[in-house]
Amino acid sequence: MTDTVLYDVDDQGVVVLTLSRPDRRNMWTAAMEAEFYDCLDRASADSSVRVIVVTGAGTSFVPGLDPEVLASVSSGVAYTSNRRLQTHATTVPKPIVGAINGGCAGIGLAQALMLDYRFAVRGAKFSTAFAKRGLPAEDATAWVLTRLCGPSHAFELLASGRVFLAEEAARLGVVQQLSEPGSVLDDAVAFARGLAANVSPVAMAMIKSQVWKDSETTIEAARIRAQYLLKLAKEQPDFAEGTASLTENRPPNFRSYPGLNL
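Residue numbers (UniProt numbering): 1 to 262.
No wet-lab data here; the hints were simulated from the structure. Accuracy of the hints is not assured; some may be wrong.
[To be verified] Within a straight-line C-alpha distance of at most 25 angstroms, the following computed SDA-like cross-link-like pairs (lysine to any residue) qualify:
(1) K234 to S48
(2) K213 to N249
(3) K208 to P181
(4) K208 to A45
(5) K208 to E35
(6) K125 to H153
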């Protein structure tokens, strides 16, 4: 447990990271950012963890940067030093599932977009917000939104900075699943437990790497890299176990992620 991010691992290989500044509706700060990334690194190294779920405390996910921090930054104070890349979550070798339980805007949306799969509670409010603060789309927000919902929708969401609800976010592909009030974390954890129980950690790490990295390259380069990963996968114990579980008609018993250089 840290000051603003809670770290809770269950006995099925799922860790829930809860962004927790309830007195400020989980508004983002440099300290929360550092703790969040530290928790992602901890989960990466934790042999008991196979899938990561990220949610917010209370009824808010992250509604943006804390106004007190924003005021300091706008007056010329440095946000932080030695800041890690805001795409850090995409480099974590374990799947990260978002359980968006409420307001998700600005830097909160930027963080959510770096997750691999997103659940959102019906009625949750989303906004890019940057343009209304005189800012461009921060970090890789424009890149991800363009790939999720197309260039025209991405432009409109970014340029208008308007509020849109989870239902529209689902139609546009910004989130993948809608949950009823009170069930978004349970739904996300159930999805994560299904991955943890049935899927090879090596395969999940490789597929995640392919999804994020292959979109930056050509189809031929992606094909060649897939051939390399296939050869590497066949050398891992997960391949033998996956094959044996199929032929023996039993659930697989995969080992913890071995930490490959992907």
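Hint check:
For the hint linking K234 to S48, the alpha-carbon distance of about 23 angstroms falls within 25 angstroms, and the restraint holds. A C-alpha spacing of about 34 angstroms is found between K213 and N249, which places the hinted pair above 25 angstroms, so the restraint is violated. For the proposed pair K208 and P181, the alpha carbon gap of about 29 angstroms is over 25 angstroms, so the pair is violated. Taken as a hint, the K208 and A45 pair is honoured in the structure, with Cα atoms around 17 angstroms apart against an allowance of 25 angstroms.
Only pairs whose Cα atoms come within 25 angstroms are accepted, and K208 paired with E35 is accepted, the gap being roughly 23 angstroms. About 17 angstroms separates the Cα atoms of K125 and H153, which keeps this hinted pair within 25 angstroms; it holds.
In the structure shown, a violation is registered for the earlier hints numbered 2, 3, in ascending order.
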